[in-house]
Amino acid sequence: MKKSIFQRHRRFIPLYLMMVPGLLYLFINNYIPMAGIIIAFKQVNFRLGILKSPWVKFNNFTYLFHTDDAWTITRNTILYNVAFIILGTAMAIVIAILLNELRSKFGKKAYQTVILVPYLISMVVVSYLVNALLATETGFINNSIIGAFGGDPVSWYSTPKYWPFILMLVYLWKNFGYQSIIYYASVVGLDAGLYEAAAIDGATRWQRIIHVTLPGLKPTIITLVLMSIGRIFYSDFGLFYQVPMDSGPLINITNTIDTYVYRGLMQSNNIGMSSAAGVYQSLVGCALVLLANFIVNKVSKEDALF
Amino acid sequence: MKGRWKKLASLGIAAAMFCSVLAGCGGDGEAEGGNAGTNGPDGGAPTEDQQSGEDNTQEEGGGDDMAAYFKSKDHYTLKVMAFGDADTATLEKISAKLSEITEEKLNCDVELTRIGFASYMTQLNLALSSGDELDLFIPMASPIDYVNAGQIQPLDELIPTYAPGLNGQLEEKDWVTQTFNGEIYGLPVNSEKGHTLGFGMRKDICDELGIDYANLGSWDDLHDALVKVKEAHPDMYPIVSNGGAMFGSDVQYTGQDSCGDTYNLAVLADPFDANGKIESWFTTDQFKEVCTRMYQWAQEGLVMPDASTNTDVANTLMAAGKAFGYFQHMKPGWETEQSAMNGTETVAWRYGVPTYTGGAMAWFVPTASGDPERAVAFFDLMYNDPVVANLVINGIEGENYVLDGELAKYPDGADAASNSYSRQAWAWPNQQIGYFWEGEDTTLWDQYAAFNQEAKTPESFGFTFDATMVMNEVTACTNVYQKYVPALLCGTLDPETTIPTLNEEMEKAGINKIVEEKQAQFDQWKTSK
Amino acid sequence: MVEKNNRFQIVVHFVMILLCVFCLFPFLLLVVSSFADEQQLIRDGYSIIPKSFSLAAYEYIFRNAATIFKAYGTTIMVTVVGTVLNIVLTTLLAYPLSRKDLPHRNAWSFVVFFTMLFNGGLVPSYIMWTQYFHIKNTYAALIVPGLMMGAFYVIMMRTNLSQNIPEEVLEAARIDGAGEWKILIRIVVPMSLPIIATLVLLVGLAYWNDWTNGLYYLTKTKYYTIQVLLNAMLQDLQVLLTSSFSGASNVDITSMPSTSIKMAIAVVGAIPVLCIYPFFQKYFVKGITVGAVKG
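Residue numbers (our numbering), protein chains in the order written: chain A, 1 to 306; chain B, 1 to 529; chain C, 1 to 295.
If we strip away everything but chain A, and leave its shape as in the complex, we get (with noise of 0.2 Å):
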């Protein structure tokens, strides 16, 4: 039996053997540190050390669930992230397709670089930038755009509504064209061959873009969108704090898990309930994407990420 097994493992050795070092490294890395989730569930007391620290239950994670605000910002984190899942995938697919079609090389080369700007510039830059734009008395909007029309100035930063789609617009134009160098990458290495037998066949550019492109993607796409899944309850602090500039009036409209936590604790740095936070993130993350997955696995077994 147990020669057996070696036998049927045997051809496998040198797999597994390229395996070791990222596993290994995987394990240090993420492993390891993962028993800290038990500060969740501890008043640590430093004096004590964080294994004896007293037990506390579920204390530490009642504060996200307290109020009305628990409703709001579960619902923010949500709907934000599944628009830019769906908006981001959409416009990273589309640019991705045609920058394959284009026929100038420089084009291709030029187009690529340019948008990759946006993604090298900090977050923290970013809100300067948009507040550069938005400011109600000095703002390039309000000033030139606005101003020349004659136009009364909008104050911006308090006027909630407009809210949801700056945001979109900074993500999209933040990281789109990272996105979009992914997929393109993946058209790219679709095979050859494919293509010319769609030529022969007299495929038009539509039918080609149709039936060989986008199925040729629906691996990555599939994997990049249950990859994102995982992380729905995480937001871009840097996106939802410092480009709004903690505006209170857009609170309501801005305000993710994330920044409700660090609203509530920059005070306290109490680590307990910080990462209280991190993990109810992680679980609902985690969550979804077994489901996600299962549904996958159903579909179109050979795609499902495990």
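To be clear, the hints were calculated from the coordinates, so they are not data collected in a lab. Idealized CB from N, CA, C, for every residue including glycine. One or more hints might be untrue.
So the derived list for chain C, only partly shown, Cβ under 10 Å to chain B, looks like this [said to hold, decoys possible]:
hint : residue
1    : ASN64
2    : ILE127
3    : GLN131
4    : LEU237
5    : ASN250
If you anchor each label on the Cβ, the simulated ranges turn out as follows [as the list claims (entries may be wrong)]:
hint : chain 1 : residue 1 : chain 2 : residue 2 : range
6    : A       : LYS109    : C       : ALA178    : 32 to 40 Å
7    : C       : LEU28     : B       : GLU183    : 31 to 39 Å
8    : A       : ALA110    : B       : GLU397    : 54 to 62 Å
9    : A       : PHE237    : B       : GLU397    : 40 to 48 Å
10   : C       : LYS51     : A       : THR204    : 50 to 58 Å
11   : C       : PRO50     : A       : GLU137    : 15 to 23 Å
12   : C       : LEU28     : A       : PHE237    : 25 to 33 Å
13   : B       : GLU231    : A       : PHE106    : 52 to 60 Å
14   : A       : PHE6      : C       : GLY179    : 14 to 22 Å
15   : C       : ALA178    : A       : LYS105    : 29 to 37 Å
16   : A       : LEU214    : C       : LEU28     : 28 to 36 Å
17   : C       : LEU28     : A       : ARG75     : 31 to 39 Å
Following the hints, put chains B and C in place on chain A, whose structure we already have.
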């Protein structure tokens, strides 16, 4: 499927292994803590005797005994951390110079680390939470949280023995603000010990428009002055916020006493009323009055637009000629200091009651410190030895500063921004024994002394609020606070409609529970006093 | 047909140019403001047409030119070493996972993916890396924690490999007597150059842009990368203004970066990548096309 569970089981093993990591951290701290307790008394005994006679010559003698005591201990490297930027090379030089002195007096080396403000909080919290080697630090947050998390240690027993100089100079009152749960944790720095409220403004414009800044008697007077400014200089904002905050940068004060915490939710409306009750700040008349005034002024165009989302500090706006004035906490010498920052002569109208708050800053010894005795002794050295004080405050003579007679200044061609050891004199134990700098008022320390004497002590002096029991409510209320209060204080929101909404949401978020809890703690503290 | 195709090309160019304007406009605003006179900027606000010209912001940043160039050097070293290590580890792990015949393939994938879902927080990682691996204040601190390999890259590569490398090719190689290592190096790697090139780009950018490792694991400025350095300059003021720190009003903030300096900081951080990127892209495109032809 089976395979998956096997792999999942391996996760369990990972978690188990990790326990050793966490235990390592906790255990260290505990061991060191115990160490301190046992070593201190027996070795310290002779110096404690010396200490009973509290005069200077005795302290000198005490120092020799202390040197002898530390000689008998193992050599040690003391790790000291403070904020402010500094180059590695400069730090190494300063550490070496400090070590020459401490080698002789404390039989130890000193390793000084300084970290810029941007990373200081993160790095300090990591160091304190992981049991890193660290012996002495200055915090950038309220110490009560460090106390509650067991990250710093009480120093009651160590201070008389190992910080005789400090102990001799401080009064009872100075220790009150450093005491938490009945034990002394902090080593206070020598600074101004209170503040008053005020409005700072450009002198040239005051003169031009005939504003009698020294004798503004009331809010109406200030209003008239601001209207004049607005008319004469339509391009200038009469009032600007300081990076989004209207009344002070950390906690916004309008005269209330947030007694014992930085949350600023449950307060004493009148700090000096012996029978005052804790109440929600947002239901007080004072709060409404301030917001209404600011709203009215904002409507008249006296406050900068977007004041609550402004990212520029008031000094920058002043320097750019865009601002006339701003509110801030006042201390002696405020005008000189701010004039230099604003690049234009700045004067102030002080309108609050000078309030005694105790020392603003203090240094602490982490639980994980390998040698709290030497940490305390080194603080004492920084507090009393001018050579050490000048080293830690100003850096190396000839490189970071040069002496011009009695006064220090930057070497030719250098300035604050290019200095390889940034100067934050107020944060070090005793800036008053260091050099004065060019442009500084040499009578400043006398002014400090007079101010400290004159400042009125509030009823809650010495009380600290432990929010552990109401953290849920505090986090919820803090979020509501951010939603309305900064904008209300900047006059952006209409208090008539907003304050009722604010109070409704505050109540839902549980502010009453915070008020009750704080009142209970406050009563208990009062009776035990 | 040809005419129609040309029209299509023109439409694509038009769309792409529009997008580029969308991307570049704020960046242009950034560059212009970085050269603006600070006081003028505060008085008149931002504009795309410079109203004043001043190099003060760059003088501020480069007054310690030696430090800046050392930091650039550190960044380049860290980016190169980190990217190479990352790609090697990622490829070694992703290739077996892409093999449909690997026993318990899905379970292994889950083990990798799971690290994206849960983390133990910063403090345990910090304890791990500083007390057991002693990386505090070393160059390793900039390379090893967090970035040296990540589930995201592994899974992207796995998906790509299992899609683009036909099993018949591997089978044929095996019949020729090639071992797994030989197959990996001689067949899989050359065939997966497009995804490797993409990952080099993504990982390289991640290393270039990273400042968090420096924030957590470095206290000595001599190890700073350019992003750690710039980020410290950028956030000093921000932190002071938002901290509940009673000493904050004592800090002399006039020596801290003002608006135009913040803009200049962003330019200084991004420009080198924009300069290097077109050169890298030659290899990037080459890698992609080589892979495509072979595929």
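Any hints from earlier that this structure breaks? Give me their numbers in increasing order, please.
-> Of the numbered hints given earlier, the structure breaks just one, which is hint 7.
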